[in-house]
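Two chains, two separate frames, one set of hints: put the complex together.
Protein sequences appear in the order of chains A and B. If you count the first sequence from 1, you need to add 883 to reach the working numbering. If you count the second sequence from 1, you need to add 1 to reach the working numbering.
Restricting the straight-line Cα-Cα distance to at most 27 Å, the calculated cross-link-like pairs of lysine-lysine (DSS-like) are:
hint: 1; chain 1: B; residue 1: K393; chain 2: A; residue 2: K1141
hint: 2; chain 1: B; residue 1: K93; chain 2: A; residue 2: K1141
hint: 3; chain 1: B; residue 1: K436; chain 2: A; residue 2: K1141
Simulated from the structure, these hints should not be mistaken for laboratory data.
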Amino acid sequence: MTREARAGWLFTAPVLTIIIAVFVLPTLLAMGIAFTDYSIYALADPGNLHVVGFDNFATLFATPLFWRAIGNTLLFAGLGVPMAIGASLFAALLLNDATVRWKPLWRVALFAPYVTSIVATAVVWRFLFNTRFGLVNQALGVIGVPAIDWLGDPNTSIPAILIFVTWKIFGYNMIVFTAALAAVPQDLMEAARLDGAGPWTRFRHVTLPAIGPTLVLAGMMSVAGFLQIFAEPYVMTLGGPAQSTTTILYFMFEEGFKWWNLGQASAVAFILFLMILAVTLVQTRYARRNEWL
Amino acid sequence: MRSPLAGAGRIRHGRGVTGFDDRSGPTRRAMLAMLPALAVSGCGAAAGVPPLRVWAMSYEGDYSPFLMPDFTAATGIPVDVQSLPTTASHEKLLTAHAGNALPDVLMLFNGWVREFAMIGAVAPVPSPTLVARLFPGVRDPLRIGGIDYAVPWSVAPQVQYFRRDIVGGAGYATPPLDWAGWLRMARAIKRRRPDEYVFLMLLNWPDALLTMMTQAGATMLRDQATRGNFRSDPVRHAFAFYAQLFAEGLAPRALSTEVQDPLAAFAQGYFAIWPSGPTTLLDLRRRAGEIPPNRWSTARLAGPTGPGPVSGDSASLCVATTTTRPAAAWALVRHMTSRASELKFQRMIGNLPARIDAWNAPQLAQPVLAAFREQMADPAPIPPAVEWERIKGEVQLAAERVIRELQTIEQALTALDDRVDRLLAQRRALVAAGKIA
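Excised from the complex, chain B in its bound form (with noise of 0.2 Å):
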């Protein structure tokens, strides 16, 4: 792939588009060639067929145009394909779905499923061959009562991203994977290099400190996940092992916002590990002039003793229960879905296939995809409720309050329980009187 078209916020494909080779992959050329096509069947004249809608963030939803052709060629059905914002697409599913304008396919992160199939916005998959054959841990998330809501598209575990060459300076051949290693290597980075820092771990962004909560061994929820758990020595140990990597100035206290280029940062040695998602190997690949392959590599991330289950920005596609064409919205999951889509979108935007048949291909064996590989098998637990997704919010809000010391630790997680219990009051409520589970 030459000129991947960054960004693509909007594409549609009609029938009978042509100027897009397979062999050579998207090019500016060919996508410049679709613009007429798009305006004709903008029109709704090209086909007659109207075209099935779909919605995805982020980098799947910018690319997935690209797996649409060849469905399109096959069935005749054209595609179009909507990309959200990820930080406004929570808001923007729970809207449509409440006004009755979901598309026919969408996607949703593994952990906003549970809540989008409580409220009925997503239908039940219907045939066991789509979720057959995944990689163990991927379909949990996703069986809601025993039945599957989504089928696994795009997973993508986090690992660290480390620059070699720092990483090497301070006499390490790679980061080391448990904690106290980690620390020591940090420490020693920091020494050489003051005026930088060692991780990027943004202080809005949960994932990082997610996963030392789980890899210490902590249960969030409990009572059938209706009240808070955090007041407990697990999540105490990783909010003070978290805490401590601001505090020794290891980690720049900052939000996304002030990241604006975070990938610029890592070229420029601004930190030297990144825990991110397999993503960040596109952004890697497309900006290779600033930062070339042999200064990064990629590794597990460290946890208390050495690697563990890891969160992560898994997503998964489903087919909306208002959809007036089922049998093709599913055959379109099924595209989406298939080896040979998985395979091309992990050359595109780098996430990892689900299917296990998928992992004999060459592309996969390379060096920095070890990491995932080992990953993969791995994902964090999700806890069965649907404010989840808000409680991690809540989590990281309190911990941000610990690293720029307005609260202590303990301050913050009495805090935090408070919190959470009355998050989940209308849920305790529900399960006590039976109605959910």
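The shape of chain A in the complex, shown without the other chains (with noise of 0.2 Å):
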């Protein structure tokens, strides 16, 4: 080893310290629980854990429950990734055309949510869904949609809170991508303006080239994002109604910490870390081929 690699790890060691401790370490722990039947009656008397190899996952998958958490995850993610992208996309550009005046008033204000307690902001926009009074049901009364039971309704609920979570959650990636769009070439620009090139295609092929690796990382992470999708169903819905915005981290929650089954909950925090790794392996397989990362 080299002086340097010697200052280097010297230098990363208290900080793989804490992460191995208080990362790796749970997470292969939680691993080997998944293959245990840890119960409240574990928790009662040690003697009655056992090692029960992939039964918990035979379990899981004669679940409905599970399965339906599954569709809920994936139904979340396939229409909030692209709602919440292209929420923020369409922001991005809006604020980065030239004749927009007060650009950082519009940045905070576009913002704002993000940073603000998921809680509260769940509160107000109950009221906001509600059937009888809410604001929402109201605006679409004045054009003649009649009243929608946005999050007592089965078919609704998900939307619901897509709604609401697009709104939470947008204004981050806006800025990413504000960041990104000003490094866009403006010489670039100009030539396909000259060039006779419309405003689609100067964004299909100068606008989006540049920003692609910022597009990939940011669906990236909103997959991540979405698939672990929890606190916002928590406060909205409870996981109703008839468990149709049941998440499968939702799922996960209410079989370790609610009902103590944690041998359970590890086998579905175990899918659940398979499942993101896959979306992002296939994610970067893609960026790789059109040349972004």
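And the structure:
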């Protein structure tokens, strides 16, 4: 080991120790627990703890709610990622326009939801979505749409939460995209304009390649974020109505912390980990092929 | 009591706290005067005696600080009460036990006592005098294997709160107490008020349905409580009646997250009959401006042929096995469950005393308490499985699927039996091995 390498290890040692102690070790233990029948009975008497191999996974696969939770989560991610990224990109493009005035003000206003407490905003949105008094339904009523039972109908509960989530998080990626858009070469843009490219062609062939890597990164983070969605349904609907907003993480929380079935909950965590890993690998490969990363 | 401090999240009581006058009750000024004392006791410099820690949920948690000055004055031991949100309390308590962080004294809903006794979180009651002279039936769910693990504190059977004007408008002085009559009255109200509802039975709160099932005569678990027993005629009967209330538009298909302010909805006449516990008395008194006392009253819940056993969220006090001061902790439990404290608590939050000798107090002779008094003697039994709390949730989810017309009653009950059998698999194995009863 060279002197430099030694110094490098020395400087990173404190952080590495902490990461191993509070992240790597617990993760490995949790993976171990996934193969035991750890439950409330094991809490009562450690003698009730047994290694059960893949039983937890077999039980999970036979539990309808688990599949329901996977489906709900994929629905959240499938609809939510385009919604959130689209909203962020749209807002960033608007803010990037040279004719927009008071840019800092807009940036702050649009970023504010991201840094506001999720519970407080969820309570406000619950009022907005209220079937009888909610502003959302009143606004829809003006254009003649009949009242929608947003949070009480299993078919509209996920869209309702997605509207809230998009509003809550789009500000973050908006800032990221604003930074990326600032790096789009203006000479290329002007050259394209002189060659007669319209706004869409300029966006497609100049802006998009320039912000591609940022877009992939934001997409990856968003997918990972949506696969772990928990707080929003927990605060807005408690997983209801009829378990239509129970996500994988919510399912895991109920199994693990509410009912102390840590064996099952760890198995869920394991599966969620594999899912996120798979999605990330696919995205990275895709980005590599397009030479963005 | 003039100005109760609503939702006082966390109030510490140090020694020598003044400004609390028992005759006038807690006032906002008294509470404000305590603030500097909080700061001092918060630093632990007030007395040198470390405070006893108490965790309690709901209004019991918010208001039990008012029971503490007397205890502190008599014993010199300060008490630190923390109020837990009810919906998150089960996981918080379990996690605290696993992390060795339970307080000295904790409140448990009666259905949880078996679970917490099994995991060794709560200690047996050391003296029979603590659980003597109680209403029969109140103590039963707290005795496990002949040992008491908790002292009944706050008895909360459900009754029906009803709007006298709306029920009266349909030609009834009080709601009928049998299902057929209840339904007739509800239809009469709905005819007069087609845009409103008659009942509020929140789709994620299981008590209304569980009460119906118990009253219909259902035994929900079989084989020593190791298997679900939901495909039975009493359960079908109760499910059918419950589902009918929603199908006919007599009750809104709503979760607790949707009806954000049930009391306001009750005051506005959104519904006329509200099965609820005694803490609603506190809400009704606090918000008498919205709904004057002459507009509402209480009656026992209707049963198939008349009133019967009712489930509710009665609560008890336990002492953690990990406490370093068991004597002081039990003294505090004795104080909190004393006749005087129970009566004071009843005045504050409505919950009913479990001791028989408290019931001769004049404050309990109010007409609106009569229904509670009768219901007290008839609590619904709690099946002896630690999974029961979870099974309650599954029952309600099955009912929700029926009400939202996702499944028929038969499909839902079949799925429920299957699900409950899976949840009880581990219990079944342990019972078969003779490790638990």
